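So the sequences go chain by chain: A and B. Note that our numbering has the first sequence beginning at 1, numbered continuously upward. Note that our numbering has the second sequence beginning at 1, numbered continuously upward.
Everything labelled a hint here was simulated from the structure, so no lab data went into it. Owing to the predicted nature of the structure, the values given are computational and were not obtained by experimental measurement. The C-beta atom is built at its ideal place from N, Cα and C for all residues, glycine as well. Heads up, a few of these hints could be off.
Said to hold, decoys possible - If you anchor each label on the Cβ, the simulated ranges turn out as follows: (1) Thr-62(B) - Leu-408(A): 52 to 62 Å; (2) Gly-63(A) - Gly-60(B): 22 to 32 Å; (3) Lys-437(A) - Leu-74(B): 52 to 62 Å; (4) Leu-74(B) - Arg-429(A): 49 to 59 Å; (5) Val-32(A) - Pro-27(B): 39 to 49 Å; (6) Glu-194(A) - Arg-48(B): 18 to 28 Å; (7) Leu-74(B) - Phe-473(A): 25 to 35 Å.
Unchecked claim - If the Cβ cut is set under 10 Å, some of the chain B residues that face chain A in the computed set are: (8) Ala-8; (9) Ile-29; (10) Thr-36; (11) Leu-43; (12) Phe-44; (13) Pro-55; (14) Asn-63; (15) Tyr-64; (16) Ala-71; (17) Val-87.
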Amino acid sequence: MTHWIILPVMLPAMVAPFIILAARYHMSIQRVATVASMIALIALAAGLVWQASDGTVTIYRLGDWAAPFGIVLVADKLSTMMVLLTAILGLFVALYAIGSKWDERGRHFHALLQFQIMGIMGAFLTGDLFNLFVFFEILLIASYGLMIHSGGNKRLRAGVQYVLFNLLGSTLFLFALAAIYAETGTLNMADLAERAQMVSADETVGLRIAAVLLILVFAVKAALVPLHFWLPSSYAEAPGPVAALFAIMTKVGAYAIIRVYTIIFPPDLEATAGLHTQWLLPAALISLALGMVGVLAAKTLDRLVAFAVIGSMGMVMTAIALFSQEAIAAALYYIIHSTLAAAALFLITDMVRQGRADLRLTAQAPVPGHLLIAGLFMTTAIAMAGLPPLSGFVGKLMILDASYTSPLMPWVWSVILISSLIGIVGFARAGSTLFWKARSIEAETAPKGAPPSALAAIAAGGLIALLIAHTVFAGPIYRYTEGAAAQLFAPEAYIDTVLNTPGKLSPMTEEN
Amino acid sequence: MEFLVASAIGAMTAGGLYLVLRLRTFPVILGIAMLTYAVNVFLFASGRLTVGSAPVLREGVTNYADPLPQALALTAIVISFGMTAVVVMIALGAYLGSNDDHVNDPVEPDTEDRT
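So here's chain A without its partners, still in its complex pose (with noise of 0.2 Å):
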């Protein structure tokens, strides 16, 4: 049974050789491949949140090496929950790509789709500071492909600004692990939690640069001012489907920033304590400010939906911010929400790109699917701006209770509920533009192209369909957040089981 845990990683990176290799040129086979893993993977990572669900943490050790001399994969309530709403993003994200036709449009998407699932689900259960940098290497190189897959100039040049931006970004990331190795011999999470508590009171320069470091390389993955500027053009010029996909990966950012701020510098560690109150929740306030601002002012639509983005990034932020145990169980919540509604809404203004001449916001001729397109556009709209009845509105009462506590609490109830405000006027400025002001205009030629297909709009509907799951079963899926959340601030058992579990060469085998 432990040998689930990597399952995750074998299955995307198995399936992905198998459908360069074997069925290169058979397109069927390769859609059938891909759907077949993405409900594996969904089929294991429910396996894996209902064994952590009673709190347990199971471990892997590679080659049966100990750890922290060999490589662990950890599995605990916070990491099966990313990897099960990867899983869940990754089929529908295949679905709308076969529906939409997408993956024609260029070689091998099914392949790095795969290995892009491959990366996130390594980067949520590696329990080893550098198996979290390789990873995230994995997930980048898939993404590149990605990004510029079915070519076109445009995409190209955003695509130059994507990777160097992120090759910035991953040098940061290894000066940071050398930065740590160097001054405490270990990148194991487990045993760093134990050595920097060890480092004397006056000796934590390094251990100080080192943290800020990691924290610059998790905030510019996860798009916050000030380190967003890649993400509109990369995210608006990316194909519909990849920025669906890419939806998932401003989390891992977060996720990092929750893993190593709970396991290896607590708050209560007086070398870096006031980390986040001083820095990260100044800038998370300024991205969810600014990322609704952006919403407003935004030109095109898929801009727009860039911007809302950063927005949710920087109330997801704020929540981990605050870093009490109810705000970062607010901010799981608001994750799991933030990534549905980013990825329905990429699907969508990918539906409504298919029918008119560009993305502008301004009145244009009903896209083919009007109707159906409206809809699906005003709910997910609804459910990004955080109006009531869905589950926005639920995970932003969370996150403010979460902050009613807290000494700034006036800055952080007015920056969000004002940002609020401005992003419901941008949406709503965006959707009537849109879809209400194209009935009057009258269509000179035939509309451009035809309606979505109905696998595309059962993709986007189905994570609509999911986000209002998300509303109604909102209490048990708090309770398991809640758990999450109580277990990040005890970090002792997973520390314990890291360490403590008798591998080769561990102490213990030793002495006998």
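Starting from the structure of chain A, add chain B where the hints point.
Showing chain B alone in chain A's frame:
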């Protein structure tokens, strides 16, 4: 030796950053290459600087170098080489397609049909 290694890392990082800020693809790629050299040397240095000590356990050897940073640097070198090649290809494609090698955002309105 510490001074030499530290100043080499510092000089390479400074040069790399300067080139990255030039905002044209060729200098930026060179700058990223310099930054990755700097970080690889930095990774090596994180295991403490020693001369002539063995990284592999053997009988009769008492002075050991830390083998882990060497493994880390090896992984980092492979990844950074591969990534530099990828970015050269993408940048070349973008340059040949639009006859413009600036890295920053084009401002022209979004009118091109993208399919």
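These are the hints, each one checked on the structure:
{"no.": "1", "hint": "Thr-62(B) - Leu-408(A): 52 to 62 Å", "result": "55 Å, holds"}
{"no.": "2", "hint": "Gly-63(A) - Gly-60(B): 22 to 32 Å", "result": "28 Å, holds"}
{"no.": "3", "hint": "Lys-437(A) - Leu-74(B): 52 to 62 Å", "result": "59 Å, holds"}
{"no.": "4", "hint": "Leu-74(B) - Arg-429(A): 49 to 59 Å", "result": "53 Å, holds"}
{"no.": "5", "hint": "Val-32(A) - Pro-27(B): 39 to 49 Å", "result": "46 Å, holds"}
{"no.": "6", "hint": "Glu-194(A) - Arg-48(B): 18 to 28 Å", "result": "21 Å, holds"}
{"no.": "7", "hint": "Leu-74(B) - Phe-473(A): 25 to 35 Å", "result": "47 Å, violated"}
{"no.": "8", "hint": "Ala-8", "result": "14 Å, violated"}
{"no.": "9", "hint": "Ile-29", "result": "8 Å, holds"}
{"no.": "10", "hint": "Thr-36", "result": "6 Å, holds"}
{"no.": "11", "hint": "Leu-43", "result": "5 Å, holds"}
{"no.": "12", "hint": "Phe-44", "result": "9 Å, holds"}
{"no.": "13", "hint": "Pro-55", "result": "15 Å, violated"}
{"no.": "14", "hint": "Asn-63", "result": "17 Å, violated"}
{"no.": "15", "hint": "Tyr-64", "result": "13 Å, violated"}
{"no.": "16", "hint": "Ala-71", "result": "9 Å, holds"}
{"no.": "17", "hint": "Val-87", "result": "5 Å, holds"}
Hints 7, 8, 13, 14, 15 from the list above are not met by this structure, while the remaining hints are.
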